[in-house]
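**Q** Below are the chains, spelled out letter by letter.
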Amino acid sequence: MTDQLSPVHVQRWVHGFIDTVEEEVDHLTDLDRRSGDGDFGTNMVSALRRSREAMADADVATAGILFQIMSETFLAHSGGTSGPLFGMWFREFGKVGMVTEAFTQEMLAEATANGLATVTRLGSAQEGDRTMVDAIAPADRALREAVESGSELREGLRAAARAAHEGARHTSDLLGRRGRTSYVGEAALGSPDPGAVTIAMFYQAAQRSAD
Amino acid sequence: MTDQLSPVHVQRWVHGFIDTVEEEVDHLTDLDRRSGDGDFGTNMVSALRRSREAMADADVATAGILFQIMSETFLAHSGGTSGPLFGMWFREFGKVGMVTEAFTQEMLAEATANGLATVTRLGSAQEGDRTMVDAIAPADRALREAVESGSELREGLRAAARAAHEGARHTSDLLGRRGRTSYVGEAALGSPDPGAVTIAMFYQAAQRSAD
Amino acid sequence: MRRQFLNDPQDVVPEALEGFAAAWPHHVRLHGEPTYVVRARHSPDKVAVVSGGGSGHEPLHVGFVGTGMLDAAVPGAVFASPTAVQIRAASLATDTGRGVLHVVKNYTGDVLNFRIAGELLAEEGVSSEVVLVDDDLATDTGDGDGPGRRGTAAVLAVEKVCGAAAELGADLASLAALGRRVAAGGRTLSVALAAGAHPGESRPSFDLPADEVEFGVGIHGERARERRAFAPARELVPQMVSPLVEALELRRGEQVIAIVNGLGATSDLELYGVFGQVRGFLEGSGIDVARRLVGSYVTSLDMAGCSVTLVRADEEILRLWDAPVSTPALTW
Amino acid sequence: MRRQFLNDPQDVVPEALEGFAAAWPHHVRLHGEPTYVVRARHSPDKVAVVSGGGSGHEPLHVGFVGTGMLDAAVPGAVFASPTAVQIRAASLATDTGRGVLHVVKNYTGDVLNFRIAGELLAEEGVSSEVVLVDDDLATDTGDGDGPGRRGTAAVLAVEKVCGAAAELGADLASLAALGRRVAAGGRTLSVALAAGAHPGESRPSFDLPADEVEFGVGIHGERARERRAFAPARELVPQMVSPLVEALELRRGEQVIAIVNGLGATSDLELYGVFGQVRGFLEGSGIDVARRLVGSYVTSLDMAGCSVTLVRADEEILRLWDAPVSTPALTW
Ligand SMILES: Nc1ncnc2c1ncn2[C@@H]1O[C@H](COP(=O)(O)OP(=O)(O)O)[C@@H](O)[C@H]1O
Ligand SMILES: Nc1ncnc2c1ncn2[C@@H]1O[C@H](COP(=O)(O)OP(=O)(O)O)[C@@H](O)[C@H]1O
Ligand SMILES: [Mg+2]
Ligand SMILES: [Mg+2]
Ligand SMILES: [Mg+2]
Ligand SMILES: [Mg+2]
Numbered sequence: 001m002t003d004q005l006s007p008v009h010v011q012r013w014v015h016g017f018i019d020t021v022e023e024e025v026d027h028l029t030d031l032d033r034r035s036g037d038g039d040f041g042t043n044m045v046s047a048l049r050r051s052r053e054a055m056a057d058a059d060v061a062t063a064g065i066l067f068q069i070m071s072e073t074f075l076a077h078s079g080g081t082s083g084p085l086f087g088m089w090f091r092e093f094g095k096v097g098m099v100t101e102a103f104t105q106e107m108l109a110e111a112t113a114n115g116l117a118t119v120t121r122l123g124s125a126q127e128g129d130r131t132m133v134d135a136i137a138p139a140d141r142a143l144r145e146a147v148e149s150g151s152e153l154r155e156g157l158r159a160a161a162r163a164a165h166e167g168a169r170h171t172s173d174l175l176g177r178r179g180r181t182s183y184v185g186e187a188a189l190g191s192p193d194p195g196a197v198t199i200a201m202f203y204q205a206a207q208r209s210a211d
Numbered sequence: 001m002t003d004q005l006s007p008v009h010v011q012r013w014v015h016g017f018i019d020t021v022e023e024e025v026d027h028l029t030d031l032d033r034r035s036g037d038g039d040f041g042t043n044m045v046s047a048l049r050r051s052r053e054a055m056a057d058a059d060v061a062t063a064g065i066l067f068q069i070m071s072e073t074f075l076a077h078s079g080g081t082s083g084p085l086f087g088m089w090f091r092e093f094g095k096v097g098m099v100t101e102a103f104t105q106e107m108l109a110e111a112t113a114n115g116l117a118t119v120t121r122l123g124s125a126q127e128g129d130r131t132m133v134d135a136i137a138p139a140d141r142a143l144r145e146a147v148e149s150g151s152e153l154r155e156g157l158r159a160a161a162r163a164a165h166e167g168a169r170h171t172s173d174l175l176g177r178r179g180r181t182s183y184v185g186e187a188a189l190g191s192p193d194p195g196a197v198t199i200a201m202f203y204q205a206a207q208r209s210a211d
Numbered sequence: 001m002r003r004q005f006l007n008d009p010q011d012v013v014p015e016a017l018e019g020f021a022a023a024w025p026h027h028v029r030l031h032g033e034p035t036y037v038v039r040a041r042h043s044p045d046k047v048a049v050v051s052g053g054g055s056g057h058e059p060l061h062v063g064f065v066g067t068g069m070l071d072a073a074v075p076g077a078v079f080a081s082p083t084a085v086q087i088r089a090a091s092l093a094t095d096t097g098r099g100v101l102h103v104v105k106n107y108t109g110d111v112l113n114f115r116i117a118g119e120l121l122a123e124e125g126v127s128s129e130v131v132l133v134d135d136d137l138a139t140d141t142g143d144g145d146g147p148g149r150r151g152t153a154a155v156l157a158v159e160k161v162c163g164a165a166a167e168l169g170a171d172l173a174s175l176a177a178l179g180r181r182v183a184a185g186g187r188t189l190s191v192a193l194a195a196g197a198h199p200g201e202s203r204p205s206f207d208l209p210a211d212e213v214e215f216g217v218g219i220h221g222e223r224a225r226e227r228r229a230f231a232p233a234r235e236l237v238p239q240m241v242s243p244l245v246e247a248l249e250l251r252r253g254e255q256v257i258a259i260v261n262g263l264g265a266t267s268d269l270e271l272y273g274v275f276g277q278v279r280g281f282l283e284g285s286g287i288d289v290a291r292r293l294v295g296s297y298v299t300s301l302d303m304a305g306c307s308v309t310l311v312r313a314d315e316e317i318l319r320l321w322d323a324p325v326s327t328p329a330l331t332w
Numbered sequence: 001m002r003r004q005f006l007n008d009p010q011d012v013v014p015e016a017l018e019g020f021a022a023a024w025p026h027h028v029r030l031h032g033e034p035t036y037v038v039r040a041r042h043s044p045d046k047v048a049v050v051s052g053g054g055s056g057h058e059p060l061h062v063g064f065v066g067t068g069m070l071d072a073a074v075p076g077a078v079f080a081s082p083t084a085v086q087i088r089a090a091s092l093a094t095d096t097g098r099g100v101l102h103v104v105k106n107y108t109g110d111v112l113n114f115r116i117a118g119e120l121l122a123e124e125g126v127s128s129e130v131v132l133v134d135d136d137l138a139t140d141t142g143d144g145d146g147p148g149r150r151g152t153a154a155v156l157a158v159e160k161v162c163g164a165a166a167e168l169g170a171d172l173a174s175l176a177a178l179g180r181r182v183a184a185g186g187r188t189l190s191v192a193l194a195a196g197a198h199p200g201e202s203r204p205s206f207d208l209p210a211d212e213v214e215f216g217v218g219i220h221g222e223r224a225r226e227r228r229a230f231a232p233a234r235e236l237v238p239q240m241v242s243p244l245v246e247a248l249e250l251r252r253g254e255q256v257i258a259i260v261n262g263l264g265a266t267s268d269l270e271l272y273g274v275f276g277q278v279r280g281f282l283e284g285s286g287i288d289v290a291r292r293l294v295g296s297y298v299t300s301l302d303m304a305g306c307s308v309t310l311v312r313a314d315e316e317i318l319r320l321w322d323a324p325v326s327t328p329a330l331t332w
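Chains as they are written, first to last, in the numbering used here: chain A, 1 to 211; chain B, 1 to 211; chain C, 1 to 332; chain D, 1 to 332.
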């Protein structure tokens, strides 16, 4: 339908994402309990709620503003490891969407690529280390391909969402090598990494917003 | 036999006193257990043993020197309430005997009177408060009378020892009003005050040294 | 189970004193037989300010030896008075001919030994005066015949103010008067959440039920006269401060020095939280917290608890409080 | 049963910070939303030295804000890193245009948030450098891939030395090099006799059998890798000091700064006793304890325990260590 995500789409995307995380908070927390310290879901939801409050007064003039708000909120309030990483992740989307009104597929690919670079630079995790990177990297490849092949935005987002989902699912088979899950070893096998699952929700919400 | 206590007599006096306290250490401690915190006997013996060690090298040229040594030892090492009070008590005997070779009855009466004054000034106890003062005050009166009536030294010492003994015995009937025994109240009734008992031993040893 | 870093419990005080002296070579010197601690830099021609008492209250008193505070501190064994001979020796070592001020917390043993030391010094021609610190409101029985109020954290204010005045050249009589004025204007209340344990002992000196605090506790492991319900700081603190204000008859507009003091095992987080509440309470009553000190200064081994001290202040006291001080435990 | 003076456990840090700022009005100012503490007297034209980390380690870091040490400290919640936004704000508030030195204890959250803050600052044109302090020998696995050694009490030396150098006008690059040199020469070992309890929790974070100590413990209530037999200080202390000497490859005649640090509930009597033994051991090995600090500076709530830190020293480091400092917790 659309080859851009306008502010309205972005609002749907962001709120859809927050809704999903809120619905899945217990599940996410449970995943972190299996592989870490069990605070992931609550941390994430509390930062997202704060973000939602901050968004209420925001002037939604640019495509990036909501991501900027989420970024500042996560960087300002979220403890743990994932908080600041997600803060920097959202930040890349905020930056790319800072001066325009809508996201093109190219911009989404660029934000994803920048986000991947930032998260790996800061967290030093490689793909395969059982972190959010395992969902980001496939999404990055999918969007890059979509841009190169000239497919339309919805196609690209569907591919990215699928790739992120598969990447997250695949973390069930991975031994943790970064963050708290690295202390847990084999005990985490069989359930996916909550950070990766959350990234998958992020792209799923993007795709739905474009439908 | 003698109307003076020569250095030899004083040595007999002091060591006789120390011997008695050592023999009676458990009894004294038990008395303090009934009326205070149960450390009186051990404190006293440990200060007296130290004193005995210090006396070993002393040049016994004056009548007072052994008392001076006991005084310094008690003031330097003895904790608790009785330690410094006995230190100041012995000190008065040391001072009176500082320049002469022997104690006359007058000198013993003077030292006792000064000792009484010092102990009451420092400890603020009156006769009847269930302290060592209850043995000192009667001894003071006995010696004062002996001097006035011109009786001989052995007589005076016998009277002082008897008076101190009676005074100490009488503390069994007293309620404590100074020191730790004041917290114990009626529980201490029936057994005498260890400080007073020790003063009685002091005069008993003096009397024996003169026999 | 309470355990400590120590060797023979008998040696805890001498070993700590050696470590202390080695840690602060520019501030203090340790003298042995008899034991006392003196300033490393002797100051000529001033009244010597000397304090002391049982050990187990560190940094008190040795931590306050230095420029602008104590000339000497005389530590006894744990919770036991130093002897008169120690006090005499420390006083002789620091007397410059202008006399010695003895700052004494009100405990029978301390009072007795300082009094005896004073008599011994007098015989040697050294004049001394005692300032008795008796700030513990919990032991205020109104009974003139008893031992009177115990001395606790207000001693810090007396030592600081008198130390500063001595440094500025005050004579013995006016120092004694000043010290008595500070002490008279100081009151303290202490609350324990858990007792400390004597060196080498595994049991604390008393046990407390989970829902009670020891209210009006002393600094020697003795129990308080009263137990009260454990409560949030916002409820406990007014119970401590309000009686102090009343006892000192503090009026709106008056100035105080407030000391929030940890008793050993209390975290700074808690002490600063308590101070915030103390300040809030006093400001609410119109009393000006002109100066304040928050930390563990007068402890009771590893007791969990804190004390609040208020000291009535005036311009002279504040000026002396502000005067420079350089000691191991207090420097400005 | 462990209890504390507090209201809502959630509020313990903000309440303590308010009390802290009120207690030291001449030294610090508290900023809220985001939370950080800065010097009351801003110093123009110097590199800003900023540190931070989880709360519960008081007086670290807020107690070291002041002349000659930190320009700002950024406290997180208890045992939790401050956020990048806090760090950015504190850095912007203290930057004079000459850049900001971040002194960071090596914990994942702290490293991450300071690194992010550095990137945010760079985008605003503010240059910053990180000095990572990773002195805890107990977590030295030799494994290059892991999180590396934790940061503990050596951070004190880095803050003091860099703070002094910054005050004297050093530029950012040389400060970073200096800080890294100090950190590289610092190692610490910590022993716990009893764990601390989180605000509002009545149970300590681990239990220890009567005959064991937690050897190589951290400052966040986590257990150590090793338990060893409880023993007198004269046996425990060499077990702590000897590995430090080895790890730093200290040779006869070398100089060190020794820090004996209480972890919260440890009495001064014990700390000074331990210091005496540390000093004895080092002197026996021909190592010169050129400077020393004994006290509770880097704590873990009310943990009973102590750490020993050795920092290799040279003339420059000693000169900067000796330089004047005026902060709530350290003044000379
Ligand atoms: N080094 C890292 N790089 C990228 N992501 C990481 C890293 N470490 C952890 N994560 C992500 O953070 C998630 C856990 O977040 P969170 O529960 O906030 O961390 P913690 O409680 O361990 O501080 C993991 O599921 C993982 O996706
Ligand atoms: N105020 C006082 N004046 C005179 N003698 C006292 C006083 N207080 C206590 N004593 C004496 O001291 C003795 C107890 O001595 P000690 O056991 O050393 O005291 P504590 O253990 O209570 O410090 C008592 O038996 C009493 O004779
Ligand atoms: Mg987690
Ligand atoms: Mg966590
Ligand atoms: Mg007794
Ligand atoms: Mg006793």
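These are computed hints drawn from the structure, not numbers from a lab.
C-beta atoms are modelled at their ideal positions from N, C-alpha and C, and glycine is treated no differently.
Among the hints, a few may not be true.
[Stated by the list, open to error] Covered stretches of chain C (chain D as the covering partner; in silico rule of three or more C-beta atoms under 8 Å from a C-beta of chain D):
#	region
1	36–44
2	56–69
3	136–142
4	151–161
5	275–281
**Q** Check the structure against each numbered hint from earlier and tell me which ones fail, lowest number first.
**A** As far as the earlier hints go, 1, 3, 4 are violated by this structure, in ascending order.
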